[in-house]
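Q: Spelled out from the first residue to the last, the chains are:
2 protein chains.
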Amino acid sequence: MADAKFLSDIEIAQKNVMTHIKDIASKLSIDEDDIEMYGKYKAKLPLTLIDQSKIKKSNLILVTALTPTPAGEGKTTTSIGLTEGLNKIGKKATVVLREPSLGPVFGIKGGAAGGGYAQVVPMEDINLHFTGDFSAIEKANNLLSALIDNNIQNKTNNLGIDPRTIVWKRVMDMNDRSLRDITIGLGGTANGIPREDGFNITPASEVMAILCMAQSFKDLKEKLGNIFIGFTFDRTPIYARDLKAENAMAILLKDAIKPNLVQTLEGNPAIIHGGPFANIAQGTNTILATKMGLSISDYVVTEAGFGADLGAEKFLNIKCVSGNLKPKALVLVATIRALRHHGGASKEQYNDPNTERVSAGFANLEKHIENCKKFGLNPVVAINAFPSDSDDEIQLIQQKCAKMNVKAVLAKGFANGGEGMTDLAEAVVSEIEGGKNKFTPLYNWNLSIKEKIERIAKEIYGADGVDYSKQAIQDLRKIDTLGLQGLPVCMAKTQKSFSDNESLLARPTGFRINVREFEFATGAGFVIPILGKMMRMPGLPVIPASEHMFIDDNGKISGLS
Amino acid sequence: MADAKFLSDIEIAQKNVMTHIKDIASKLSIDEDDIEMYGKYKAKLPLTLIDQSKIKKSNLILVTALTPTPAGEGKTTTSIGLTEGLNKIGKKATVVLREPSLGPVFGIKGGAAGGGYAQVVPMEDINLHFTGDFSAIEKANNLLSALIDNNIQNKTNNLGIDPRTIVWKRVMDMNDRSLRDITIGLGGTANGIPREDGFNITPASEVMAILCMAQSFKDLKEKLGNIFIGFTFDRTPIYARDLKAENAMAILLKDAIKPNLVQTLEGNPAIIHGGPFANIAQGTNTILATKMGLSISDYVVTEAGFGADLGAEKFLNIKCVSGNLKPKALVLVATIRALRHHGGASKEQYNDPNTERVSAGFANLEKHIENCKKFGLNPVVAINAFPSDSDDEIQLIQQKCAKMNVKAVLAKGFANGGEGMTDLAEAVVSEIEGGKNKFTPLYNWNLSIKEKIERIAKEIYGADGVDYSKQAIQDLRKIDTLGLQGLPVCMAKTQKSFSDNESLLARPTGFRINVREFEFATGAGFVIPILGKMMRMPGLPVIPASEHMFIDDNGKISGLS
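Line by line, the protein sequences give chains A and B.
According to this note's numbering, the stretch in the first sequence is residues 1 to 561, in order.
According to this note's numbering, the stretch in the second sequence is residues 1 to 561, in order.
Just so you know, these hints were derived from the structure itself, not from any lab.
There may be inaccurate statements among the hints.
As the list claims (entries may be wrong) - Simulated pairs of lysine-lysine, DSS-like, Cα-Cα distance not exceeding 30 Å:
{"#": "1", "chain 1": "A", "residue 1": "15", "chain 2": "B", "residue 2": "254"}
{"#": "2", "chain 1": "B", "residue 1": "556", "chain 2": "A", "residue 2": "22"}
{"#": "3", "chain 1": "A", "residue 1": "22", "chain 2": "B", "residue 2": "254"}
{"#": "4", "chain 1": "A", "residue 1": "556", "chain 2": "B", "residue 2": "254"}
{"#": "5", "chain 1": "A", "residue 1": "218", "chain 2": "B", "residue 2": "40"}
{"#": "6", "chain 1": "A", "residue 1": "326", "chain 2": "A", "residue 2": "496"}
{"#": "7", "chain 1": "A", "residue 1": "40", "chain 2": "B", "residue 2": "54"}
{"#": "8", "chain 1": "B", "residue 1": "254", "chain 2": "A", "residue 2": "254"}
{"#": "9", "chain 1": "B", "residue 1": "40", "chain 2": "A", "residue 2": "40"}
{"#": "10", "chain 1": "B", "residue 1": "15", "chain 2": "A", "residue 2": "22"}
For reference, chain A alone in the conformation it holds in the complex:
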């Protein structure tokens, strides 16, 4: 399968012969009548298939990563490949992933359906509108916006919302920088009350975070009602329920709440559902999708955004606690390239073998391994293989990991699909069957917000302590007033460093972190300490990806990545 080097992801995906989705369902003992097909290769799964007794017996595997380079280290590719590998060694495994956002498909990032011979298909559909979940989330978000501005506009039914306090923004799943900062309601009395506003990209919507945190349809509706909008002129907090918005919003999400079934290139089941930001939100698929996966197979491979300091921490402390999920194994994805980067290589030197740099860069991986153990989980390191990796570098990593009692396994899913992932699959299964992993969250939600942040900063980031800006101290008082002390914290920090300073690579020490301000997602149920400037609406590059896309008269696409 050496042609992975020569074929683009979309070419590999298009050469693949897909299995009808009813046959994928059938392999999972799901009746054709129980799924809602969206064409021949996508289906929605009803929530009634979630089965608590099966969840308990199944094995949840989290795929996370070391501190990444800007290109990412291949968590999705590794998750898909590991699932192929598990099935290859005779285990019934399903991969459960986030849905890609449409906007970045036309920007720099491109889609997010894996790569090479470790992809989920139909790749084009997954990267485009898929089953309409993002669009439904967008509509629910923007209905609430329209209801807010309509309430301000009309004299009767008016709640007295102070337009200057509104924190709820509109969203659009498009890389559109011109919508970041806008003025709405212009043009006279018929067109609303003028005020500042802006659009975020759809994955940054709290509705997305809510959908991913919801335990049931009932819970979804309640969470939607709990969304904080702003204050009245006399400082009363206003929630979505005050606008009687939660039923209409839930109506718009009646199908979006159902997890989506697709397949991997090797015809194994993939559930793809929800895709919240990994900085201002939890960065992992819906709780319902994870539970669905656990209900229909013996092994579930899932992932969380960015490095383990962000993705795994939130996955374990927020999602697992909230959803009562107990991961049995943890895979830490590393690339030799990223280790060189942490060892001081410049971007131009990423592909140059250099054991000294890799050895120095290992400090980053070492800290992540230590962190995983703090959750009671001994990780397996997956070295996502690149052609430029040298044997010396790989052996070095394996030796250093072995000293920490951790297996480091070469993962060749990109080039070889499941065949290249059986070693990793065996290592993961052996870790689970060893039975030593006992998941424990890092903190108790009952701690104060400040205590929770301190815990994460010291234990996970390795910081000496936490400083708070004046704004953050004010915000903490607001959090108190609104009664949000018991919520978990969803850290919004750069993914490029353990610290909040993106230039500190490897394993920084002797630093403090700075909480600049807080946001809170009262619907989703977490408080967000903001440690830096967070991008919520990307832009397009000078030459947008759209310029190189092509679709022929029969609907065959090229140039999508």
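Position chain B against the provided structure of chain A, taking the given hints into account.
A: For chain B alone, coordinates are given in the frame of chain A:
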């Protein structure tokens, strides 16, 4: 079935037992493998099912109406009911309709899937996201917007577009008046170039008009490339193709171009596809959906927005000429209520029987009948029955119609479904089998824009002539420069009167119409003379419909209309 009075539309729809969509397809001799199911009750039909030889043999029936009251006279309900009636008398008939817009569902208007016992189902899905077509159109529209603003922002690749000349607006399928008039690109150099902009509701997007005019996927792409955006600083016109946007936009529309199959309450086929505005656009479903209907059944019932002076005129002169479609029959929907209105009844008097008013109001229907005959089509009048209609009033209409050699038939689809529509079905079939209808367009596209407008104004509206504002005269020069004289005209006029003055009811005479300005849809392929202020983004009412909506824990919806 007297409970139609007591049950809401959604209650009737929910009590109905739907047939699996594969069985609906099977009745049409379409193989299950050839459709793309979206759940059990919706499917997309591939364009390969369109068959020119079958189209020629099938019978196209256009349902239009007299000049309506603000509530509308029930064209959709009549179209669906007539289809049930035709099937009841043994004819294979399909109804082909527009897709409802989501925004108005939360506003005053509500959904648009028929009413009473003449509905298409699943009503909730059709009125909500359906198969995602509107969302895809929205994304294609807004990708072009993002590409425009990105091009203005960046120095390299810059086309020199003058931001003040940009006519392309963003869209959102939401009633959101605060987005009508906005300023974008604020907040510093990273956030784009500040300029005035605004959002229209999605049905007002030219992408919607294009999808509805497209003859094939190839044609769609070409039309998308032809969208006019604005001028450069040196007055060169800029089109979407100059931004290399048409492929990416077409990729976003790859599924949206396929017509959607659903069913009527009585299990007959319904194709629902596309929904452009009836004022600034053509107000009728896609050409491809109409051709699909004609390819799979012997009779196709379809409709066009507003009264016959707008909907039928555009349907016949733009859509039929462009798509080479030849309607065999025309149904003019009238209500006694609307005739009372044209005869001088106030809104409070709409339900009071009054033969004098109905007799005076008949002037309106009379003019519409005369107009239909100008297209070579002798209409059948469908009196959409209301409980407040008196026998005297009905007989009066029937007698007056008979004098014009036109049958006027009581249509009871709302209360009785197909059973109440067999008389109308018989009358329509007899009109078709009579063979006297010979469709001829009113004008030749080769006439000048002014000649085309004059033709419509005098022949259809009954105006004495046409006046042009200074702006309109300037715009006509622009139309000349851009080489658009050969396009048909898509009149943007009030639907409340034959004239451009909405207070002139019945059959006004001695008036002239005023063209204030022109717009042009170079992608869709028509020039739009604007005769009044056109609403392109509705608002929500003081108490939005969303406040009364409810969805239970099992996903059952109430309060949707």
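Q: Now, for every hint given, state plainly whether the structure supports it.
A: For each hint, the structure was consulted:
no., hint, in the structure
1, A/15 with B/254, "19 Å, holds"
2, B/556 with A/22, "26 Å, holds"
3, A/22 with B/254, "23 Å, holds"
4, A/556 with B/254, "9 Å, holds"
5, A/218 with B/40, "24 Å, holds"
6, A/326 with A/496, "28 Å, holds"
7, A/40 with B/54, "27 Å, holds"
8, B/254 with A/254, "25 Å, holds"
9, B/40 with A/40, "13 Å, holds"
10, B/15 with A/22, "28 Å, holds"
In this structure, none of the earlier numbered hints is contradicted; all agree with it.
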